[in-house]
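> Assemble the complex: chain A is given as a structure, and chain B must be docked to it using the hints.
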Amino acid sequence: MRMKRTLIAAGTVTAALILAGCAGTPSSNAGGSSSGKTTLSISVWNYDKTPEFKALFDAFEKANPSITIQPVDILAANYEDKVTTMLAGGDTTDIITVKNLTDYAGYASKKQFLNVNDIAKDLPADKIPALKDYDFKGVHYAIPYRQDFSVLFYNKDMFTTAGVADPANLTWKEFAADAQKLTTGSGADKVYGAYLHTWNSIVQGYAAAQTGGSPLSGKYDWMKDQYDLTLGMQKAGTTLDWATANSQQTSYQTMFETGKAAMVPMGTWLIAPLLADAKTGTNKINWGIAPLPQIKANGKIVTDGGPTGFGINKTAKNVAAAKKFLAFAAGQEGAKAVASIGIVPAYHSDAITKQYFGLEGMPQDAISKTAYNPDEVNLDSPVSSTAAQIGTILNEEHQLIMTGSKSVDDGIAEMESRVKSEGLVK
Amino acid sequence: MTTIAERRNAAQHDSPGQPGAASNRPGRSKARALRRRRILVGWSFILPNFLGFALFTLVPVIAAFVLAFMHWDAYNAPTWAGIDNFTRLIGDDSFHVALANTCLYALGHVPLTLAIALGLALLLNQKLRGIAFFRVAIFFPYITSLVAVAIVWNMLFNPTTGPVNQFLHLIGIADAPGWTASTTWALPAVIITSVWRDMGYYMVLFLAGLQAIPHEYYEAAEVDGAGRWQKFWNVTLPSLRPTTFLVLVLLSVSSFKVFDLIFVMTQGGPGRATLVLSQLIYQDGIINGQFGYSSAISLVLFVIVLIVTVFQFKLQQRRER
Numbered sequence: 000m001r002m003k004r005t006l007i008a009a010g011t012v013t014a015a016l017i018l019a020g021c022a023g024t025p026s027s028n029a030g031g032s033s034s035g036k037t038t039l040s041i042s043v044w045n046y047d048k049t050p051e052f053k054a055l056f057d058a059f060e061k062a063n064p065s066i067t068i069q070p071v072d073i074l075a076a077n078y079e080d081k082v083t084t085m086l087a088g089g090d091t092t093d094i095i096t097v098k099n100l101t102d103y104a105g106y107a108s109k110k111q112f113l114n115v116n117d118i119a120k121d122l123p124a125d126k127i128p129a130l131k132d133y134d135f136k137g138v139h140y141a142i143p144y145r146q147d148f149s150v151l152f153y154n155k156d157m158f159t160t161a162g163v164a165d166p167a168n169l170t171w172k173e174f175a176a177d178a179q180k181l182t183t184g185s186g187a188d189k190v191y192g193a194y195l196h197t198w199n200s201i202v203q204g205y206a207a208a209q210t211g212g213s214p215l216s217g218k219y220d221w222m223k224d225q226y227d228l229t230l231g232m233q234k235a236g237t238t239l240d241w242a243t244a245n246s247q248q249t250s251y252q253t254m255f256e257t258g259k260a261a262m263v264p265m266g267t268w269l270i271a272p273l274l275a276d277a278k279t280g281t282n283k284i285n286w287g288i289a290p291l292p293q294i295k296a297n298g299k300i301v302t303d304g305g306p307t308g309f310g311i312n313k314t315a316k317n318v319a320a321a322k323k324f325l326a327f328a329a330g331q332e333g334a335k336a337v338a339s340i341g342i343v344p345a346y347h348s349d350a351i352t353k354q355y356f357g358l359e360g361m362p363q364d365a366i367s368k369t370a371y372n373p374d375e376v377n378l379d380s381p382v383s384s385t386a387a388q389i390g391t392i393l394n395e396e397h398q399l400i401m402t403g404s405k406s407v408d409d410g411i412a413e414m415e416s417r418v419k420s421e422g423l424v425k
Numbered sequence: 000m001t002t003i004a005e006r007r008n009a010a011q012h013d014s015p016g017q018p019g020a021a022s023n024r025p026g027r028s029k030a031r032a033l034r035r036r037r038i039l040v041g042w043s044f045i046l047p048n049f050l051g052f053a054l055f056t057l058v059p060v061i062a063a064f065v066l067a068f069m070h071w072d073a074y075n076a077p078t079w080a081g082i083d084n085f086t087r088l089i090g091d092d093s094f095h096v097a098l099a100n101t102c103l104y105a106l107g108h109v110p111l112t113l114a115i116a117l118g119l120a121l122l123l124n125q126k127l128r129g130i131a132f133f134r135v136a137i138f139f140p141y142i143t144s145l146v147a148v149a150i151v152w153n154m155l156f157n158p159t160t161g162p163v164n165q166f167l168h169l170i171g172i173a174d175a176p177g178w179t180a181s182t183t184w185a186l187p188a189v190i191i192t193s194v195w196r197d198m199g200y201y202m203v204l205f206l207a208g209l210q211a212i213p214h215e216y217y218e219a220a221e222v223d224g225a226g227r228w229q230k231f232w233n234v235t236l237p238s239l240r241p242t243t244f245l246v247l248v249l250l251s252v253s254s255f256k257v258f259d260l261i262f263v264m265t266q267g268g269p270g271r272a273t274l275v276l277s278q279l280i281y282q283d284g285i286i287n288g289q290f291g292y293s294s295a296i297s298l299v300l301f302v303i304v305l306i307v308t309v310f311q312f313k314l315q316q317r318r319e320r
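Chains A and B are the protein sequences, given in the same order.
The first sequence begins at 0 in numbering that gives the first Met the number 0 and counts up by one.
The second sequence begins at 0 in numbering that gives the first Met the number 0 and counts up by one.
Looking at chain A on its own, in the form it has when it is part of the complex:
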């Protein structure tokens, strides 16, 4: 009998321990408004290596001494998965940083964020063009703080050496011709005229933005010319071929900084690391930015891009403080903080542009300044709950076209038939 009692006691203790483990609630900073100070938690990725967060948080805390920001740091590569799991588990982090529009579509269609139309209404829409990108069926579930778009990064010295004029307003055909002139050497010493990264957006996104084609339409013939051009460059050896770039997991930043490629079309997010690397001496090249090459030669600069923003978790504990932060981040003060480290803010004004080009190491030429102010920034893909699934299909067929496993026509036909058979378009 004694043993039995011991066993029961042991069992009770074990069960209690397990229950205690399961019910572990974050007791330290939940609620967070003791002694008049509010602690606002915000999910971020790679906090140490993404200085924009710290710049923004510091500026906000300075303007609002009663609020302290607690970053919830997540590994960038796992950010989307981790946030999905957090939200499903009823996590109470106040603000969720929205990394891209595909994720945004997911959060919005699941209604995981609060409606922030009230904040959006008070912001100057003409100064924040990206604001409209977060319109999901008439509701804003997030507010942008930065807006990146594609530009052409180029190595000025390589252009001078090859005697090629600076790429002020190229069409894609001229871009391919310039790449030919800038390609030199062979084998391990080969320098490519251009580096086109492995992402499907590098072909499909540019084509969508500049032709007005939409991934949600279920018709993809507008990609054909861009594919023909890219495959032609790959065949001519003026860009690193897709298969090699993919299997080596080539870094576009390294290709550009080490002078292995003269031109790299890429998002403006590359500017900040180039500036930072110039300070440490890793980046020694003389570079500039030019407008993204165009499909139509009508003098208008049309590029693709998208916002990054903040949304308020539906289960947030500090909604008032969170709303204050969203408005701050999207406005002029937030823009100043973000621009101070080379990130393109969502808020546009002459003062911000001036501040941006005043950064140490920033190219000062007229072409770079033109590139910084494109006429039109179009989304790769409109916000939709089917965007992620369509994106997967378009990317799979992109790989087949780029590796030559399928012709451009067959690849496009397959995209169209797959999105239809999986019921993603009507």
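Check each hint, because a few of them may be wrong.
Unchecked claim - Quick list of simulated restraints, FRET-style, between CB atoms:
{"hint": "1", "chain 1": "B", "residue 1": "K256", "chain 2": "A", "residue 2": "D134", "range": "38 to 44 angstroms"}
{"hint": "2", "chain 1": "B", "residue 1": "F44", "chain 2": "A", "residue 2": "K419", "range": "55 to 61 angstroms"}
{"hint": "3", "chain 1": "B", "residue 1": "F310", "chain 2": "A", "residue 2": "K419", "range": "34 to 40 angstroms"}
{"hint": "4", "chain 1": "B", "residue 1": "F166", "chain 2": "A", "residue 2": "G280", "range": "35 to 41 angstroms"}
Unchecked claim - Only some residues are given here: those of chain B computed to face chain A with a beta carbon under 8 angstroms:
{"hint": "5", "residue": "N75"}
{"hint": "6", "residue": "A76"}
{"hint": "7", "residue": "G270"}
As the list claims (entries may be wrong) - Covered stretches of chain B, as calculated for chain A (at least 3 residues, CB under 8 angstroms):
{"hint": "8", "segment": "64-74"}
{"hint": "9", "segment": "79-92"}
{"hint": "10", "segment": "156-164"}
{"hint": "11", "segment": "171-184"}
{"hint": "12", "segment": "190-198"}
If you are wondering where the hints come from, they were derived from the structure by calculation, not from laboratory data.
In this text, a Cβ means the ideal position worked out from N, Cα and C, and glycines have one as well.
Chain B only, in chain A's frame:
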């Protein structure tokens, strides 16, 4: 489970010769108490492990079974779907591709790993100076980080600058395969990598099996005039049968569940050339937020693994008879 002591106790008290029911009752209850105590003791040993298993494996597995018949985005309340997810499965092109790829992977991975692991075990089951070094060397891939393995093999398989193709060019093969960049060769490339990684582990299992074979069997065979080949065929292989069976089951289960290596090496590409079921489950569930549909796929995967394993068990039983 009744122990001998228990049965003896029970027999003493319940023996038909016992007079009167009154004296019978306390004895029976004592036996029952003893029995209960034994069961409790037994449970107390299993409980800690079982609780962990139940909490982190059993409950999610059962939840997945239920979810397979629902629509769920992991956030809002799930809604009943009936067999919707399964009818969608039948028409889903990606599912067909993933199923075919998974089977092809298993067909390549299982026999190759089995044969190579057995071959290595036979080779290294000798009393030679320094043999331990080679055993460790071959076991090494298994304890190496999988991500490192995948990245290094990706470099080796690079179609233009990779050592594999440079070697193939050297020995006169002009049209070397594109490996992970080609839809035809990506799956073989993954299989080769996985065989290389796994062979060491299964070799150790085979080595253990080989060392358990009594030496007398070989002596008897030699007396009967058996050659090397006959000894292998008539002594080694039959004696290794339990080990071979274990290796076969472990290998098949792990082949059908393969995820990590493919996720790091090719992410299912190019196109869908190396898309396997586990990855489709991940993609539809975690990425696209369709947990009901991805549970339905995992249910199918579970049934496949179950059938394969049961079939192997039946085959083994028949052989042993």
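> Is 35 to 41 angstroms respected by the C-beta to C-beta distance linking B/F166 and A/G280?
holds, 39 angstroms
> Has the hinted range 38 to 44 angstroms been met by the Cβ atoms of B/K256 and A/D134?
holds, 43 angstroms
> Report holds or violated for chain A covering the segment 64-74 of chain B, Cβ cut-off 8 angstroms, minimum 3 residues.
holds (count 3)
> Are at least 3 residues of the segment 79-92 of chain B within less than 8 angstroms of chain A when you compare beta carbons?
holds (count 3)
> Mind checking the CB of B/A76 against every CB in chain A and telling me if the closest is under 8 angstroms?
Given a least distance of 11 angstroms, the restraint on B/A76 is violated.
> Tell me if chain A covers the segment 156-164 of chain B under the three-residue, 8 angstroms CB rule, please?
Our answer is that it holds, as 6 residues pass the Cβ test (under 8 angstroms) against chain A, meeting three.
> Hey, does the B/N75 contact hint survive, CB to chain A under 8 angstroms?
Since the shortest Cβ distance to chain A is 6 angstroms, the answer is holds.
> Closer than 8 angstroms between Cβ atoms is the bar; does B/G270 clear it against chain A? Give me holds or violated.
holds, 4 angstroms
> Check the following: the C-beta atoms of B/F310 and A/K419 are separated by a distance inside 34 to 40 angstroms.
Because 38 angstroms falls inside the window, the suggested range holds.
> How does the coverage statement for the segment 190-198 of chain B fare against chain A, requiring three or more residues with Cβ below 8 angstroms from a Cβ of that chain?
violated (count 0)
> Measuring from beta carbon to beta carbon, are B/F44 and A/K419 in 55 to 61 angstroms?
Holds, at about 58 angstroms.
> Are there at least three residues in the segment 171-184 of chain B whose beta carbon sits under 8 angstroms from a beta carbon of chain A?
Check passed, 6 qualifying residues.
Against the hints set out earlier in the document, violations occur for numbers 6, 12.
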